[in-house]
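Participant: Let's have the full structure, built from the sequences with the hints guiding it.
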Amino acid sequence: MKVGLVGNQNSGKTTLFNCLTGMNAKIGNWPGVTIEKKVGTIKGTKHEITDLPGIYSLSPYSAEEEVSRNFVFNENPDVIINIVDATCLERSLFLTTQLLESNCKVIVALNMADKLEEKGLSIDEKKMEEMLGAKVIKISALKEIGIEELIKEINKPLKSKQNKVIPQYLSKDYELEKYEEIVNQKYSFISKVVENCIKKKIKPEAISDKLDKILLNRWLAFPIFIIIMFLIYYLSVGIVGSFTVDLVGDSIGSFGEYIGKLMQNLGASEWVNSLVVDGIIAGVGAVLGFVPQLIILFTCISLLETTGYMSRISLLLDKIFRKIGLSGKSLIPFIVGSGCSVPGIMGTRIIENEDERKMTTILTPFIPCSAKLPIIALFAGYFFPNSSGIASSSLYFFAIVVIIISALIMKKFVFKHTSNTYISELPEYKLPSAKYILKDVFDKVMAFIKRAGTTILLCSIIVWFLLSFSFKMEYGVDIEESILAGIGTKISWAFKPILGENSWEATVSALQGLVAKEQVVSSMAVINGLAEDASQGSQIFASERSIWFLHSIISICFYGI
Amino acid sequence: MKTIGEICSLSELKIGQTAVVKSINITNKNVKRHLLDMGLTKGTKVSIKKIAPMGDPIDILLRGYELAIRKADLKQIEVEVIQ
Ligand SMILES: Nc1nc2c(ncn2[C@@H]2O[C@H](COP(=O)(O)OP(=O)(O)OP(=O)(O)O)[C@@H](O)[C@H]2O)c(=O)[nH]1
Ligand SMILES: [Mg+2]
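Protein chains in written order, with our numbering: chain R, 1 to 561; chain L, 562 to 644.
Everything labelled a hint here was simulated from the structure, so no lab data went into it.
Beta carbons: idealized from backbone N, C-alpha and C, even for Gly.
Fair warning: there could be bad hints in the mix.
Claimed, not checked - For the chain L half of the interface with chain R, some residues (derived, Cβ under 10 Å), not all of them:
1. Lys-590
2. Leu-596
3. Pro-614
4. Asp-617
5. Ala-629
6. Ile-630
Unchecked claim - Straight-line Cα separation of at most 30 Å, DSSO-like style, residue types lysine-lysine; simulated pairs:
7. L/Lys-583 / R/Lys-178
8. R/Lys-135 / R/Lys-430
9. L/Lys-632 / R/Lys-323
10. R/Lys-319 / L/Lys-632
11. R/Lys-358 / R/Lys-26
12. L/Lys-606 / R/Lys-178
13. R/Lys-200 / L/Lys-603
14. L/Lys-606 / L/Lys-590
15. R/Lys-319 / R/Lys-430
16. R/Lys-358 / L/Lys-575
17. L/Lys-603 / L/Lys-575
18. R/Lys-439 / R/Lys-138
19. R/Lys-200 / L/Lys-610
20. R/Lys-37 / L/Lys-590
21. L/Lys-610 / L/Lys-563
22. L/Lys-603 / R/Lys-127
23. R/Lys-2 / R/Lys-143
24. L/Lys-590 / R/Lys-411
25. L/Lys-590 / R/Lys-213
Unchecked claim - Estimated spans, in silico, between C-beta atoms of each pair:
26. R/Leu-431 / L/Lys-575: 31 to 39 Å
27. R/Ile-400 / L/Lys-590: 32 to 40 Å
28. L/Cys-569 / R/Leu-176: 21 to 29 Å
Facilitator: What follows is the structure in structure tokens.
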């Protein structure tokens, strides 16, 4: 059986999807988190279930909404679960009335039932069932309440399947006046349903409103925002960052020595020993040393996403961002992009205006993503040994300056006609589920480790090989005679303008940074490990000062493209 | 401050004031339809809930939920003040 999850943005569709399938698709407390449909299987059954982008109406408005509309009308679902935010029935039921017209079997799931009491609401679902003519079930996707009843209802055999109909007013060539009239009729029916089915007690001031009095306060909002953002990057890049730089230097080094001795005792040949210690352990280890930093950064981003503060930031900065041709909503891709540019760029779809969306897409990779974080921390540690924390977190502010300047240039010369609309539901603050955050961070860190185990492992071995052998395939040559040095010297002239001098070491690692940014650190570690005198190593770092900025700000990894 | 019974645009209200929508004169067809879908129809009660720290966008309360919209769009929505 084919089941679809259709509902307003931010109503909890993905939370329910994860609960029914056991998957961990991305959840966030702002409208428009899901932008593509995702298919899974309901646990314990054979039903195929599809999570869809949130929509407010079946009329075509944006590309993602088209995905959901298309699912309802053209993909022939057997059952549609209409997720309704029970704390906001009136607006949500508009879509319900449209779905009911489409001839599908619709189950109305009143989600967030756990919040009804707190909001002083009580809903008579039997009465509602009667008025709507569809099954209504109260659930909580977050607290996993009412899920069994929902599955039971899905399992009920279908009567006869009827053909879908697209009402005339929902077609592409509708008349706005006629449309307005129909919308008015629907909303007056909905008002009647709400009047009959909901009882409202007078409630005390909501926690969200109290919080917003501080977080959106005219004087406090900006300082609080800057402190929060600074803390996030200072904590992950700065404090934990400089700590891990030492870790890279010391523990990986002594671990390598230990393994080296062990292998010597086991009688491994010299080159095998060097491959493992100088190549693999130095290379992969250097990158893995950054896992603690990533855990902190990913946790902070996940918290920003799920609590609802993200929507406040977007509201806060909209006026400034509009001046440079962006929208307040551009901030969401930027922040998500500080984890990884790819989901950041995908997230730009929530921006309605095409110019604003294009500009945000171009600018998102300018934010240093987590893969650049090891590079930032490593070099900050070398250049500013006493204040590396401040230095590396201020790099994010430097990135913002670069973004503002580029945005202004683009606005002036490329995207001249930006119209201005910003329409977004402001969600209430929510306590996120710890289980989701743990899983989310775990998934992202594992993805990073997997890359360290594959791409970076392979590259480390190649770099080691190129460094340990000469063109004549002799092992154990002086590093200056290695293949890599040969290649690097030949092409280093091309990098002279950025690097400031002819250095084959820096050239090689800069080239690799294009493939995967973490690789820079790893090949630095390998080259450094094999270089015989220490001065050779530090010379590399000196010439890398300029590419530090280059890498951190400009370069886009191939994964991004 | 606009007084009760006065007809004005939604952007002119102060925090806490409530009004009823008279007409939506937004020229962009897509934007207007989107607002209609979200329940901003003639006769809807709206009140000003929060204002962004820089004075724009404005967060309005309608049909039990909050919607943030820029002032420029609110200017094109005509309302009658009731509170
Ligand atoms: N209190 C409570 N919160 C919930 C419940 N279900 C979801 N949420 C929260 O609501 C927010 C939105 O959840 P999502 O699952 O991302 O919503 P969605 O419908 O997929 O949203 P879009 O993908 O943006 O359309 C998250 O912060 C969830 O933690 C629930 O039953 N109770
Ligand atoms: Mg979703």
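Participant: Report the numbers of all earlier hints that the structure fails to satisfy, in ascending order.
Facilitator: As far as the earlier hints go, 16, 25 are violated by this structure, in ascending order.
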